[in-house]
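Please put together the full structure from these sequences, using the hints given.
There are 4 protein chains.
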Amino acid sequence: MKNTLFVLFLFSSLIADPKKRAREFGVPFPGTPGPLNAITDVDGVEVGHTNIISGSGKLIQGQGPVRTGVTAILPRGDRSLEDPSFAGWYSLNGNGEMTGTTWVEESGFVEGPIMITNTHSVGIVRDAVISWRANQGSADGSGYWWSLPVVAETWDGLLNDINGFHIKEKHAHDAIRNAKGGPVPEGNVGGGTGMVCHSFKGGIGTSSRIININRELYTLGVLVQANYGDRKNLSIAGVPVGMEIIDLMPRDNYESPSEGDGSIIVIVATDAPLLAHQMKRLARRIPMGIGKVGGYAHDGSGDIFIAFSTANSNVAFANGKVNVEMLPNWMISPLFEATVQAVEEAIINALFAAETMEGINDNKAYALPQDRLRNVMKKYNRID
Amino acid sequence: MKNTLFVLFLFSSLIADPKKRAREFGVPFPGTPGPLNAITDVDGVEVGHTNIISGSGKLIQGQGPVRTGVTAILPRGDRSLEDPSFAGWYSLNGNGEMTGTTWVEESGFVEGPIMITNTHSVGIVRDAVISWRANQGSADGSGYWWSLPVVAETWDGLLNDINGFHIKEKHAHDAIRNAKGGPVPEGNVGGGTGMVCHSFKGGIGTSSRIININRELYTLGVLVQANYGDRKNLSIAGVPVGMEIIDLMPRDNYESPSEGDGSIIVIVATDAPLLAHQMKRLARRIPMGIGKVGGYAHDGSGDIFIAFSTANSNVAFANGKVNVEMLPNWMISPLFEATVQAVEEAIINALFAAETMEGINDNKAYALPQDRLRNVMKKYNRID
Amino acid sequence: MKNTLFVLFLFSSLIADPKKRAREFGVPFPGTPGPLNAITDVDGVEVGHTNIISGSGKLIQGQGPVRTGVTAILPRGDRSLEDPSFAGWYSLNGNGEMTGTTWVEESGFVEGPIMITNTHSVGIVRDAVISWRANQGSADGSGYWWSLPVVAETWDGLLNDINGFHIKEKHAHDAIRNAKGGPVPEGNVGGGTGMVCHSFKGGIGTSSRIININRELYTLGVLVQANYGDRKNLSIAGVPVGMEIIDLMPRDNYESPSEGDGSIIVIVATDAPLLAHQMKRLARRIPMGIGKVGGYAHDGSGDIFIAFSTANSNVAFANGKVNVEMLPNWMISPLFEATVQAVEEAIINALFAAETMEGINDNKAYALPQDRLRNVMKKYNRID
Amino acid sequence: MKNTLFVLFLFSSLIADPKKRAREFGVPFPGTPGPLNAITDVDGVEVGHTNIISGSGKLIQGQGPVRTGVTAILPRGDRSLEDPSFAGWYSLNGNGEMTGTTWVEESGFVEGPIMITNTHSVGIVRDAVISWRANQGSADGSGYWWSLPVVAETWDGLLNDINGFHIKEKHAHDAIRNAKGGPVPEGNVGGGTGMVCHSFKGGIGTSSRIININRELYTLGVLVQANYGDRKNLSIAGVPVGMEIIDLMPRDNYESPSEGDGSIIVIVATDAPLLAHQMKRLARRIPMGIGKVGGYAHDGSGDIFIAFSTANSNVAFANGKVNVEMLPNWMISPLFEATVQAVEEAIINALFAAETMEGINDNKAYALPQDRLRNVMKKYNRID
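Protein chains in written order, with my numbering: chain A, 10 to 393; chain B, 10 to 393; chain C, 10 to 393; chain D, 10 to 393.
By construction, these hints were calculated from the structure, which means they are not laboratory data. Glycine is no exception: its CB is placed at the ideal position from the N, C-alpha and C atoms. There's no promise every hint is true.
[To be verified] Residues from chain A that keep clear of chain C, each with C-beta distances beyond 10 Å, as calculated:
1) Arg30
2) Gly191
3) Leu284
4) Ala327
5) Met335
[What the hints assert, rightly or not] Derived contacts from chain C toward chain D, CB cut-off under 7 Å, selection only:
6) Phe34
7) Met297
8) Gly300
9) Lys301
10) Asn338
11) Trp339
12) Ser342
13) Val385
14) Tyr389
See below:
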């Protein structure tokens, strides 16, 4: 590794992914995506990434190599702090962290940004959200109020010097500041920078669906940080890809956790007016989308999910009794189906976008090879 | 409908299903099943069915037609009462009932038989378990102790006079008495008699897996009462069967609940020594198996699951500190994978075994047509 | 015991309790009760009791003596079926049953009446709610819809022939039909007929509070079926009554469960516009009220609670997006405090109202002796 | 405020509390405490505090005044990392944070130390536990494994410059290093330094109970960081102290959160061999102890609890099937009762030990005045 630490901040707008996304490639996903096929199709939702990629070669703890980052999801853009959103969360397998969930469960709302980073940087990102908030001069800045930020993680220790604690306060602040609408960079970006999924290079993926309920259109979007799964169970649109492409396994020059350890964080956003307990219902559908891709929530996996609704603005902190809109339970099954669909597609999108990466100790995770994938999909008659 | 009520008790041993099961048919399921590919591969587990099939034609509430039944699963055969098993439960979508779960959650054990019937007969079956228990002259018979039976249900009102309350105490008693090891009848039997799954005829299905952990073999078995799902999402071994076979939809001569309403009850048994909180972990993997077949837990679906371990006999009511065996968490992922696999296969087995059935008002659910299925599976190169 | 079974149906209006209630007696409870100091202070809430009291002397299973009953709480009177209420539930200790809770948790609503009876009659009461509903000719009567009734229980086997299954369908129907507003009979009535609490005679108790939030008055009411607790921990308004009155222990002529086994079911109603997740918050405050009286949720106790809001009428089954009212979380603490207060007072009211009762095998539970209680309260300067 | 920051590290052994503890004072608590009447009566449990107290006068964010700290509880002393303990957690009111609980819930174990600090320093303390662990050269230090530390908090912003982020990594490391058995400092120490409880000065408190189950003695210990409650509800041994001592309210020179906001973190330890699901049962009894003192879990309160058992050493990471000891459920009620008792006493101990403190902006919280308390207790005949 070079002695000089070369830190790249690759902001959202600079990342151009020349590779096709899964749907353009021809993977036959059900349902109708929004214009961006991204979580940002939900009006107001913003995403920002900060990446830190530096060094190569042998691990020297504290020096690198570094392959990590931070992703910020703002449910209501820069109004996310003052205007919480109805939310629910669910842990399929809790070998992971998502701070702030106890208050999400209790209050039925998510306040402020949702952050994703690596496992050992959750703390600094969490406190950084508070310092960022205090710096806004908002209620919290008075010194009399508190914040309980939502920060999740997956483990990037195969490629990243995770015990070097390279994420600093400013990386979290930058991710929040960088957040915007529009296309969402996928793959090796933000919190997903150093991640591995079904033993291919993983990372950030996103997708969305448009749903018609009672002649109104609603949007549901998903963002994943995918770092879970073993190879043999990888399934794309029902095709047993993991049984067909059995090479290109990660190069791991030291003993590491079992294959299948890792994690997946899933964020679901919708503009449909669902209440807190209904958002939790959405969150509990997420495992079915993961199951379709081949996950089974390995013991070492932190599979933790949060879902929020951008409807019902300005209700959480109202000064009195307030009206909120609700879709009755019996009408919301299409949102359940959309959740399962968009989770599946977002994971596959992460695999499609991620590029081969080398990290600490020359460890390496390979990109899903799209040419070979095409042949496999053809073998099972699932692509033209 | 005939005025006379012709009640058939079709006990397990009398039901010969000439149709192939899914694996014999050639569906390529992963994993290694036990000798029976049934929940009864788990030593000591017994299953009994009582069916009530009578009448035809127009519904006359209280008279029929009747297409219903009761299924009993005994975790430890006739020692199930005195010797509770570590257990955990999970509700993916709670539009259903499984009584007794509050005590399962609290105590970490399941006591006595687990019963499955139709939605409107849960009560009588529940009290019947108590009367059966009181009749044994066991502790409960003293008049000083209580029972909190586990009784689950799915809704068979498309075919059955469900508001006629045709299940009586003796049907529940018979199901318990009939319980035995060995092959488990599938399809239109027991609680599954009148059920519909992915808009084909559904019902009872079962499967099992043998898992090697640390050079010891463990068995995990699953039994489902499958009554959920819409057609278009039906997927068999990743093949989009529901997009290919779009006819043979149920004949429903009156307005009925939405397609996809319905439910699935899943029972998981294993002889692996897992503690209560670990059994719950198994139960929470079940949605991933359902997701692979195409379920997404429609609002109207009661998708409720229970998992128990037959290891650790005679510990719940011990007279003092007692030793129990435990597999450490880090070793149990193969059981998670087996759960997902066996749930998928058990559902498909239910679809394979179920026969076309007519019920009230000439409503009708069609069996999955195996000949056409073969062609579909061939189209996607998933069968020879 | 007489061979003839003499069944008394003692309906609400016939029970005149000449004894003072706790507050009139002078127990210094905090907070302001409603006009009836009862759950029926919440507009629209109705309560009905059916009691069965017959026979005396030696237990002959199936013949008696009988000391049991059914209580029905209708959240919105006779509109309870068509118009579900936002609700939440919580189990402090799950050695008991409350059917229907899985759907309450999932849907965020309670549908139809809430029933309380003895442990071994939950099933028949549950199915009876369905038959009653089907008889109304409502949606359920079509044969295409289902019900998941909420039925809870405590164990009256010290005094009642509980394995005689004396509760019949009509007792449940009667309790529903008898339900009305106004004063609520307490003590040895309805489901509380044969109950024991802190080793005195227990049963049904109720209380209410009026709360001012943001210059609007809201009512919160509680009804308990109290059958829990050991003597030594009994505390009334902080006075260690159970350490002072150590005699008058139940006469138990056969081996029975440990003192402290038993259970308490608590129903909380309010007209404050809280959403489902907020109702659950109320339910989780109930243990603090029980703790003040001296409960600690003994292993054998089924301490299960449900809370509902009568605000937000006609929203659960709306035909599209609907407006609901919500009090923001930050304003609802007074409802938490009221819950704790009213639970405490309702339990004490049950003890004050219950009369000494003999049951099977001449077993006997004694009423709390009010004269001696007054002296104890004076000793600790908590009464004038 | 002085410009120079005067940081005091007051380690456990240096804090001599000359004031009597509540039991010595004569408060009549039920049950038998251990020799130290502290959580450290549970063999192996160690507690360490780091305090930071500096400056006075007007708040300058980042400069102080500082009134905060960190408390570390080590379930098995310096073997806490390698040897997790069965554990369960519960949130009575989730307006707070306890990181790591998702893995506690999933795994049934707590790994490593349990930390308590102020609300806005949870992150740095969390990552500091990981760096401390990585520094040990243990598995985690390999770079291939991860940690999910348990860090809880209450809010000290009335007295402390909480947005100044004065807790640094070394304060957390010191608290762990300082941890030891023996008497536990109470009051204004560690995480409890700047806390307020029932509008008196609060902080750390502890208590224990010895329980006889089946002729074996077990110890149960409790440690609280008490920062919750309003004055009027304060009750000590059933005496309405908060109605009698209505002055000495905190001096709050700026608008602050409502009285009753705040939080309480409770840690329960026992050497009784309970499994994970049984530890959760203990955790869910804690609200009853808080209720006795007068808490009702105000909306703004983060009332989060964790309970662990030091029995069953070396089982979590075993290399195969392993024996664990279990007390059957039916025998463990005395542990429930002990939990309620010890929680009550630990809170009162915190109030007894805490000294009057001034903090930012000359805000001030007053110690519970013991002389006046004695008169109140006498008035209600609860002290000699």
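Here's how the hints hold up against the structure:
1. Arg30: 32 Å, holds
2. Gly191: 28 Å, holds
3. Leu284: 6 Å, violated
4. Ala327: 5 Å, violated
5. Met335: Since the minimum Cβ distance to chain C is about 5 Å, Met335/A lies within 10 Å and the statement is violated.
6. Phe34: 18 Å, violated
7. Met297: Interface hint status for Met297/C: holds (3 Å vs cutoff 7 Å).
8. Gly300: Holds, because the Cβ-Cβ distance from Gly300/C to chain D comes to roughly 3 Å (cut-off 7 Å).
9. Lys301: 5 Å, holds
10. Asn338: 5 Å, holds
11. Trp339: Result: holds, 6 Å to nearest chain D Cβ.
12. Ser342: Ser342/C check passes; min Cβ-Cβ to chain D is 5 Å, inside 7 Å.
13. Val385: Violated, because the Cβ-Cβ distance from Val385/C to chain D comes to roughly 11 Å (cut-off 7 Å).
14. Tyr389: 5 Å, holds
The earlier numbered hints that this structure contradicts are 3, 4, 5, 6 and 13.
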